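Novice: Line order of the protein sequences matches chains W and D.
Be aware that the first sequence starts at 0, since it is given in the numbering used here, and climbs by one per residue.
Be aware that the second sequence starts at 358, since it is given in the numbering used here, and climbs by one per residue.
Everything labelled a hint here was simulated from the structure, so no lab data went into it.
Do not take every clue at face value.
Computed Cβ-Cβ distance ranges for the label pairs, DEER-style [as the list claims (entries may be wrong)]:
1) Ala109(W) <-> Cys513(D): 44 to 52 Å
2) Ala28(W) <-> Glu515(D): 40 to 48 Å
3) Arg425(D) <-> Arg69(W): 22 to 30 Å
4) Glu5(W) <-> Pro488(D): 22 to 30 Å
5) Arg505(D) <-> Arg56(W): 35 to 43 Å
6) Glu66(W) <-> Arg371(D): 25 to 33 Å
7) Glu6(W) <-> Arg371(D): 28 to 36 Å
8) Gly516(D) <-> Thr103(W): 24 to 32 Å
9) Val58(W) <-> Arg425(D): 20 to 28 Å
10) Ala109(W) <-> Arg425(D): 50 to 58 Å
Calculated Cβ distances over 12 Å to all of chain D for the following chain W residues [to be verified]:
11) Arg10
12) Ala42
13) Ala48
14) Ser53
15) Met68
16) Ala100
17) Gly153
These numbers come from a predicted model, not from an experiment.
Every residue, glycine too, gets a C-beta built ideally from N, C-alpha and C.
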Amino acid sequence: MRDRCEEVLERLVEGVTGTVLPDERAALARHLAVCERCRDEAASIEAAAVRLRSAGRFVAPPGFWEEFMRRLAARIEEERVPVGARLRRWLASPRHALGTAVVTAVTVLAVFAAVRTAPPAPDPVAVRARGLVTATMTSSLPSLGATLDIWRAGLSQESGEDADRRERQGR
Amino acid sequence: MDAEDRQLIRAFARGEESAFTALVIKYRESVYRVARRMLGNHEDAADVTQEVFIRAHRALPRFDGRSRLYTWLYRITINLCLDMRGRSVRLPLLGEEAGARDAKGFPGAEDEVEGREVGRLVALAVSQLPPRQRAMTVLRLYQDLPYREIARIMGCSEGTVKATMFAALRKLRRALAGEGVRAP
């Protein structure tokens with residue numbers, strides 16, 4: 000009986016809101032005739048639904064729809080402006096001007112700081128020279144830095160001679 | 358789909374902006390009433406109504422016509438209202454609800470005063486329902502949508518809508534009884 004009651008009460012919502020087929024409505028009525036609990040529940044739910052429905056409709060204040068249509072047309076027109084132009088207008092508007100200025104300043108400072116603190120690009124000749132230094136050389140030569148300078152200078156010359164040679168061959 | 362709606366949508370697709378205006382005029386009040394019941398105040402409902410038609414204008418060329426136009430518009434409305442509920446909304450003013458109601462069904466002056474108070478209590482009870490229950494109640498009781506359409510709008514089964522409606526009506530019945538509101 001309890002399951003039947005649950006089922007009836009769910010059907011009842013449809014009955015109250017007016018979408019139950021006539022034969023289903025008759026079945027509901029038969030159950031309600033013998034079940035006092037469902038009858039009470041049905042009566043109070045129906046009363047709530049009737050009360051809610053009779054509460055009336057909201058209407059917008061006078062003059063609202065004229066203003067609404069004007070604003071809607073303006074916004075639709077706005078949507079037609081290209082994105083770039085909209086962005087420029089947004090950035091230039093007084094409401095967003097301070098934010099735009101702050102974001103621009105922070106971006107400029109961040110780029111400047113990144114450029115200043117970035118490590119210099121490695122000298123290709125120095126990289127080549129470093130590759131020729133072995134652990135034994137490092138331990139046996141106390142002034143390796145000076146040696147490396149000499150090698151670097153030599154390798155630079157070698158690179159220059161190679162270039163001259165290529166130029167002569169080209170002729 | 359409604360033949361008139363179909364014609365207007367086709368005309369809009371051909372570039373006739375006036376067809377869109379005709380659709381707005383046809384549905385703006387229904388959309389506003391749903392938003393108003395959902396959000397409880399005129400300002401938020403007006404904002405949502407505006408946004409619904411902006412989105413409709415953008416998406417109408419892609420509308421496939423498989424559902425009714427009003428189902429599609431109500432879905433946008435309910436989603437925007439649920440989003441807005443998630444953020445802060447203006448609270449309904451005491452007595453404001455009554456001021457915006459029409460007097461249908463309340464012919465005499467005394468009835469009108471009593472009706473306004475009841476209308477305010479009903480609106481308050483509806484506004485205290487959880488958002489999805491409120492949406493289904495509004496669509497069923499105030500917009501008279503069939504359960505099948507409500508299920509489409511809410512993205513759930515008809516059974517879920519019926520069960521939710523049942524729970525909502527029980528809550529409303531208790532809330533209204535607590536306020537001493539009886540059936541007319």
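Novice: State for each hint whether it applies.
Specialist: Against the structure, the hints:
For Ala109(W) and Cys513(D), the Cβ-Cβ distance of about 48 Å falls inside the hinted range of 44 to 52 Å, so the restraint holds. The supplied range of 40 to 48 Å is broken by Ala28(W) and Glu515(D), whose beta-carbon atoms lie about 23 Å from each other. A C-beta distance of roughly 28 Å is found between Arg425(D) and Arg69(W), which places it inside the suggested range of 22 to 30 Å. The beta-carbon spacing between Glu5(W) and Pro488(D), approximately 25 Å, falls within the hinted interval of 22 to 30 Å.
Distance hint check for Arg505(D) and Arg56(W): the Cβ-Cβ separation is about 24 Å, which falls outside the suggested range of 35 to 43 Å. At roughly 29 Å, the beta carbons of Glu66(W) and Arg371(D) sit within the given window of 25 to 33 Å. As the Cβ distance of Glu6(W) to Arg371(D) is approximately 51 Å, the hint placing it in 28 to 36 Å is violated. Here the CB-CB span from Gly516(D) to Thr103(W) is close to 56 Å, at odds with the stated 24 to 32 Å.
The hinted range of 20 to 28 Å is satisfied by Val58(W) and Arg425(D), whose Cβ atoms lie roughly 24 Å apart. With their beta carbons about 53 Å apart, Ala109(W) and Arg425(D) fall inside the hinted range of 50 to 58 Å. Not every CB of chain D lies more than 12 Å from the CB of Arg10(W), the least distance being 8 Å, so the non-interface label is violated. For Ala42(W), the shortest C-beta to C-beta distance to chain D comes to about 9 Å, within the 12 Å cut-off, and the non-interface label is violated.
A beta-carbon of chain D comes within 12 Å of the beta-carbon of Ala48(W); the shortest separation is about 6 Å. Residue-level check failed: Ser53(W) sits 5 Å from the nearest beta carbon of chain D, not beyond 12 Å. For Met68(W), the non-interface assignment is contradicted: its Cβ lies about 7 Å from the closest Cβ of chain D, within the 12 Å cut-off. Its beta-carbon lying about 28 Å from the closest one in chain D, Ala100(W) satisfies the requirement of being farther than 12 Å from that chain.
Taking the minimum C-beta to C-beta distance to chain D, about 70 Å, the non-interface status of Gly153(W) holds against the 12 Å cut.
Hint compliance for this structure: hints 2, 5, 7, 8, 11, 12, 13, 14, 15 are broken, all remaining hints hold.
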